[in-house]
Amino acid sequence: MNGSQTPQDLRSIEASLESLARAEQSAAPATLEDRIFVATRADLAGIERPLTITVQRRTLARMRIAAGVALAAGVLAVWLAGHGSNGRIGGGTASLEGLENEVEFLLAMRSTDDGLRPPSDSIDSVFLETLNLGNSMKSGAGVPVGEEGSL
Amino acid sequence: MPQSDSEAEVAGLLSAASRGDEAAWREVISRYGRRVFALAKSRCQRTDIAEEVTQSVFATVATKLGQGGYTEQGRFESWLFRVAMNRIRDEMRRLKRHAEPMDPTTLGVLADPGSVEESKGGSDAALNRLRAAMAELPEADREVVELRHHGGMSFKQMSELLHEPLGTLLARHHRALRKLKQLMGDFGGDQ
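Quick note, the sequences are listed as chains A and B, same order.
According to the working numbering, the stretch in the first sequence is residues 1 to 151, in order.
According to the working numbering, the stretch in the second sequence is residues 1 to 191, in order.
If you are wondering where the hints come from, they were derived from the structure by calculation, not from laboratory data.
Keep in mind that this is a model prediction, so the values were computed, not measured.
There could be a bad hint or two in this list.
What the hints assert, rightly or not - Going by beta-carbon spacing under 7 Å, a handful of chain B positions derived as facing chain A:
(1) 20
(2) 42
(3) 65
(4) 79
(5) 127
(6) 180
(7) 181
Every residue, glycine too, gets a C-beta built ideally from N, C-alpha and C.
When you get a sec, could you build the whole thing from the sequences and use the hints?
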């Protein structure tokens, strides 16, 4: 019983503690084990469903379509700008500053988005803004050929 | 005193229980249920709360087993009693916050352990004096005594549980025994 090398003078108090421990165990109701078993068998059998996060496919698809449209619009805008009213590529007065202002305006508008709008609305607005940009370029501002310009 | 269930035997039971073997789970409860109960009862001095705590502890264990999350290889007892100690501490904090009335017998014993009536039998009186003496121990010493005797843990298991060197726990245990012996003498009785 005594694997702890308890000094001789302390063995009686140690024996008293053992008696106390047995008394505490005996104080448990006779049905303790049964009650624990009944209360916990469901926990033993239960397998928690893994938490799954599903991304709404509809939203993703719409975003892809909108991004594609925006890209096409951007390409169209650049092409139209390149084939301006005088029919020549790069014709007309290059207004890089004007183009930069447009882009800055677009970015500023987007940065004010407080994120509460659904993604589709954001894509729609970017698409419309891109169209407007293309139209404004078509009406007068040309893109210098040979210079790097990026929207 | 510590019950040394072989680790392999316990591991087998836990493995079976985690696969839904109810008989194995019953055996686990049978081996450890009352030890956890005794630990809780020593702290809170109330049978109903001790049972609640015990049930809560085994619910945690069952959930872990059921989910396949138990990974304490060969250290089930240390883990089990760690869960139990945490649950008991939570419960003691809750009791302090709500200041529930203490059992009058315990109150009387703590106030004047020497005046406990002998009508319930000398052994009960002696046990009540010992309970009162336990309440006087410093927290760390009381913890070691309870884990050792009520929980039936070995010093090695306690060392794993408390992350303390074995020698420190041995010294603490002996110091606690001396203090209890002195207190029991002060309370007018000794075994």
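query: So which of the earlier hints does this model not fit?
result: 4
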